[in-house]
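Q: Using the hints provided, position chain B relative to the given structure of chain A.
Number of protein chains: 2
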Amino acid sequence: MSGTVPNPFIKKILATAGPTPLPPRVSSVMAEPVMYHRDPAFVEVYERVLQQLPEVFQTENDVLLFASTGSGAMESAVMNLVRPGQRVLACAAGKFGERWLQLLDAQCAEVVRHEPGWRKRIDPEDVDRLLTENPGCEVVFATLSETSTGIVHDVRAIAEVAEKHGALTVVDAVSGLGAAEMRQDDWGIDVVATGSQKALMTPPGIGLASVSERALARAESQPGGRYYFDWGRTAKAQRKSPPASPFTAPVTLISALDVALEMIHTEGIDNVFARHALLAKATRAGASALGLSLYGDPDERSNVVTAIELPGDVDGGAVVRNLRDRFGITANGGQDELKGKILRIAHCGYFGAFDIVTSLSGLEMTLSELGHPVQLGAGVGAAQQVFVDAGSAVGSS
Amino acid sequence: MSGTVPNPFIKKILATAGPTPLPPRVSSVMAEPVMYHRDPAFVEVYERVLQQLPEVFQTENDVLLFASTGSGAMESAVMNLVRPGQRVLACAAGKFGERWLQLLDAQCAEVVRHEPGWRKRIDPEDVDRLLTENPGCEVVFATLSETSTGIVHDVRAIAEVAEKHGALTVVDAVSGLGAAEMRQDDWGIDVVATGSQKALMTPPGIGLASVSERALARAESQPGGRYYFDWGRTAKAQRKSPPASPFTAPVTLISALDVALEMIHTEGIDNVFARHALLAKATRAGASALGLSLYGDPDERSNVVTAIELPGDVDGGAVVRNLRDRFGITANGGQDELKGKILRIAHCGYFGAFDIVTSLSGLEMTLSELGHPVQLGAGVGAAQQVFVDAGSAVGSS
Numbered sequence: 001m002s003g004t005v006p007n008p009f010i011k012k013i014l015a016t017a018g019p020t021p022l023p024p025r026v027s028s029v030m031a032e033p034v035m036y037h038r039d040p041a042f043v044e045v046y047e048r049v050l051q052q053l054p055e056v057f058q059t060e061n062d063v064l065l066f067a068s069t070g071s072g073a074m075e076s077a078v079m080n081l082v083r084p085g086q087r088v089l090a091c092a093a094g095k096f097g098e099r100w101l102q103l104l105d106a107q108c109a110e111v112v113r114h115e116p117g118w119r120k121r122i123d124p125e126d127v128d129r130l131l132t133e134n135p136g137c138e139v140v141f142a143t144l145s146e147t148s149t150g151i152v153h154d155v156r157a158i159a160e161v162a163e164k165h166g167a168l169t170v171v172d173a174v175s176g177l178g179a180a181e182m183r184q185d186d187w188g189i190d191v192v193a194t195g196s197q198k199a200l201m202t203p204p205g206i207g208l209a210s211v212s213e214r215a216l217a218r219a220e221s222q223p224g225g226r227y228y229f230d231w232g233r234t235a236k237a238q239r240k241s242p243p244a245s246p247f248t249a250p251v252t253l254i255s256a257l258d259v260a261l262e263m264i265h266t267e268g269i270d271n272v273f274a275r276h277a278l279l280a281k282a283t284r285a286g287a288s289a290l291g292l293s294l295y296g297d298p299d300e301r302s303n304v305v306t307a308i309e310l311p312g313d314v315d316g317g318a319v320v321r322n323l324r325d326r327f328g329i330t331a332n333g334g335q336d337e338l339k340g341k342i343l344r345i346a347h348c349g350y351f352g353a354f355d356i357v358t359s360l361s362g363l364e365m366t367l368s369e370l371g372h373p374v375q376l377g378a379g380v381g382a383a384q385q386v387f388v389d390a391g392s393a394v395g396s397s
Numbered sequence: 001m002s003g004t005v006p007n008p009f010i011k012k013i014l015a016t017a018g019p020t021p022l023p024p025r026v027s028s029v030m031a032e033p034v035m036y037h038r039d040p041a042f043v044e045v046y047e048r049v050l051q052q053l054p055e056v057f058q059t060e061n062d063v064l065l066f067a068s069t070g071s072g073a074m075e076s077a078v079m080n081l082v083r084p085g086q087r088v089l090a091c092a093a094g095k096f097g098e099r100w101l102q103l104l105d106a107q108c109a110e111v112v113r114h115e116p117g118w119r120k121r122i123d124p125e126d127v128d129r130l131l132t133e134n135p136g137c138e139v140v141f142a143t144l145s146e147t148s149t150g151i152v153h154d155v156r157a158i159a160e161v162a163e164k165h166g167a168l169t170v171v172d173a174v175s176g177l178g179a180a181e182m183r184q185d186d187w188g189i190d191v192v193a194t195g196s197q198k199a200l201m202t203p204p205g206i207g208l209a210s211v212s213e214r215a216l217a218r219a220e221s222q223p224g225g226r227y228y229f230d231w232g233r234t235a236k237a238q239r240k241s242p243p244a245s246p247f248t249a250p251v252t253l254i255s256a257l258d259v260a261l262e263m264i265h266t267e268g269i270d271n272v273f274a275r276h277a278l279l280a281k282a283t284r285a286g287a288s289a290l291g292l293s294l295y296g297d298p299d300e301r302s303n304v305v306t307a308i309e310l311p312g313d314v315d316g317g318a319v320v321r322n323l324r325d326r327f328g329i330t331a332n333g334g335q336d337e338l339k340g341k342i343l344r345i346a347h348c349g350y351f352g353a354f355d356i357v358t359s360l361s362g363l364e365m366t367l368s369e370l371g372h373p374v375q376l377g378a379g380v381g382a383a384q385q386v387f388v389d390a391g392s393a394v395g396s397s
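Chains A and B supply the protein sequences, listed in that same order. Counting from 1, one number per residue, gives the positions in the first sequence under my numbering. Counting from 1, one number per residue, gives the positions in the second sequence under my numbering.
Chain A with its partners taken away, still in its complex shape (with noise of 0.2 Å):
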């Protein structure tokens, strides 16, 4: 086996739920000369990447967009509905729902935390009794897919129950949105955040968050200790025609995500789901094959990364390590209490049959060199029989 030097011969694979690999043309488009962001020639594209947007929401708000990660894009969130001192919601059962309450401490809000474990889909029916049980919460937080967990949460359910109790649903979808079916308007969420870097197949450093006009309303009504991240200044230029970034617009990402985005419109936004689904229940049948248990209580939803509980005769660090530095697969095992864990294989974007495979086979083989028993080719073949019986065109990288 090989040390930590990596062998320069190997063909590198990002399998990681974010940063995703990215499709060639966006990757080009990106060595083309730089525009001027108030040029005609780039305020063309970036009209047709705020046009564009919506339909992968599922909604008919403005998508606003600031050059920014994610957690960017969530910061928006938090900054613009909620004043220091305000009762609000937050579900956290990962790491990434745990960023909310990192947000809305530092912003002094007066949080009711629900946290019931990082193995748990939230409840929504513990959401409702929160609400009721702490009335006065008028924003509720929370996450559509909990990448550190690979668990899909019902966000339908839980922007139901808080429109019952009359709060605004904030769904973090940073890994989710394009991947895990979410239909914001159908489904009454007012604000889905996402970044650039996970199923929209552009690279990190766009922020967008949907916000619903009664979501921008309450922005506007408590302004102050935002700028950057203000939702009505950056709506409010968005709005001229033609659209006009507030500040310097990352060209070169706008300009990916251009590219992207007319992908995945051709594509279909219900066959990019389809996709989706196809290549978790895959990777679920090929972990399954393996004897390997999928970890919490992941559904038929999780379909933007699984999450596989590693055995304990192998250290999961060195399950990661051996992916790399022996077959040039970069994967991510767990965070935070899940180090040493887990595995996580993601299908998050720009991924196809082969893909899959490929992750099965590197896991497959990196057991095997770790001492744990396995039948080699057992779990890709599990997964390409998932592959033949779906019947269709499954794409591939």
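FYI, nobody ran anything at the bench for these hints, they're computed from the structure. Where hints are given, some of them may not hold.
Any copy, or any two copies together, can satisfy a pair, since identical chains are not distinguished.
As the list claims (entries may be wrong) - Below, simulated DSS-like cross-link-like pairs (lysine-lysine); rule was C-alpha separation at most 27 Å, straight line:
#  : residue 1 : residue 2
1  : Lys-240   : Lys-11
2  : Lys-236   : Lys-339
3  : Lys-339   : Lys-12
4  : Lys-164   : Lys-341
5  : Lys-240   : Lys-95
6  : Lys-95    : Lys-11
7  : Lys-95    : Lys-236
8  : Lys-120   : Lys-339
9  : Lys-95    : Lys-120
10 : Lys-341   : Lys-240
11 : Lys-12    : Lys-120
12 : Lys-240   : Lys-339
13 : Lys-240   : Lys-120
A: Okay, now just chain B, sitting in the frame of chain A:
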């Protein structure tokens, strides 16, 4: 003369003060496969960027890196240093000086406003007087190069005055850093905020704040109201060994910045300053030879962008449109109160002698086409004479 439909066979020339043209190596690195931000191969790039940045600022501070534009870095300074109600002094002699005022108003600071007018360089004696008349200003905000007017302010003298009054100095160097001479530590400047898209020869999307220990201590003494732009969080993450970005890093942009910083380091920061000074001198000579006046009181240090007053017999908007539609040159006219009155010729970042020749040549032909009497070649010739007299290699694109 053509209409507004661009001729696709016109070679496009970016001559704005930001985004600026990229070196081909910087462009092409962004088309390489995306890396995971925790992958050792990327962490190496990130660490190198953090190590090379201080040289450009001429500082020993940590330079904090954000996924944002330069305005985000400016917001970080306001949010970390100023609490609502605190008294500060802000100097504004142009659109970007006014951004300090907007940011400070958003933060509900008590702002002593020094607005001497757009034509003026900030006079340090005025700053001294205002700090005397308004005791208790703990922070002074200023601008190095005011992009909207082409005027470079004497931030060294402003910092000396601020220091005398016990105040911290914060400088917006978004368009100046790496073009106009600035030596942060020697000049006693506590905080310098900038963006990637000007003399750093990288696309927009990275915000940078070089923060002194005492500025960091002030920030840490007054927590809350910020998360994404919190200096303490980012400093702590960057000081780990190896450094770890607090959020997903904008990997393609950081890889681009890595290439650009290596080019700056190879050229040598003093040579970089000298190149910009020479390009600016040639531009000024060209404008003068055409009988055009420079805007305001530009002095020898206006090395970022040259603002030229347009003659009264031409429509300023038509100059910009003609440059773009007839000659493919994207250049900046005036903003806000200078709209239609000036043309700004940029020489900031990846610019060489023939970029100046091109811009002046385009300006001459445009003035001629718009009916202003001009001797074709006169401005170009005067610029050439400056390059010939310089007697050294001057670089070209």
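Q: Hint by hint, say whether it matches the structure.
A: So, going through the hints one by one against the coordinates:
In this assembly of identical chains, Lys-240 and Lys-11 lie within 27 Å of each other by CA distance neither inside one copy nor across copies; the values are 46 Å within and 29 Å between. Taking the closest pair of Cα atoms, Lys-236 and Lys-339 come within 27 Å of each other only across two copies (21 Å); inside a single copy the shortest separation is 44 Å, beyond that limit. When the C-alpha separation of Lys-339 and Lys-12 is checked against a cutoff of 27 Å, the pair qualifies only within one copy, where the shortest distance is 23 Å, while the shortest distance between copies is 51 Å. Taking identical chains as interchangeable, the C-alpha atoms of Lys-164 and Lys-341 are never at most 27 Å apart, the minima being 39 Å within one chain and 57 Å between chains.
When the C-alpha separation of Lys-240 and Lys-95 is checked against a cutoff of 27 Å, the pair qualifies only between copies, where the shortest distance is 20 Å, while the shortest distance within a copy is 38 Å. When the C-alpha separation of Lys-95 and Lys-11 is checked against a cutoff of 27 Å, the pair qualifies neither within a copy, at 31 Å, nor between copies, at 49 Å. Only between protomers do Lys-95 and Lys-236 lie at most 27 Å apart by alpha-carbon distance; the minimum there is 19 Å, versus 33 Å within a single protomer. In this homomeric assembly, Lys-120 and Lys-339 come within 27 Å of each other (Cα to Cα) only inside a single copy, at 17 Å, whereas the closest approach across copies is 58 Å.
In this assembly of identical chains, Lys-95 and Lys-120 lie within 27 Å of each other by CA distance solely inside one copy; the values are 13 Å within and 51 Å between copies. In this homomeric assembly, Lys-341 and Lys-240 come within 27 Å of each other (Cα to Cα) only across copies, at 24 Å, whereas the closest approach inside a single copy is 50 Å. When the C-alpha separation of Lys-12 and Lys-120 is checked against a cutoff of 27 Å, the pair qualifies neither within a copy, at 34 Å, nor between copies, at 55 Å. For a Cα distance limit of 27 Å, the shortest separation of Lys-240 from Lys-339 across copies, 19 Å, qualifies, whereas the shortest one inside one copy, 47 Å, does not.
Proximity of Lys-240 to Lys-120 under the C-alpha cut-off of 27 Å is found in neither arrangement, the shortest distances being 44 Å within a copy and 32 Å between copies.
The earlier numbered hints that this structure contradicts are 1, 4, 6, 11, 13.
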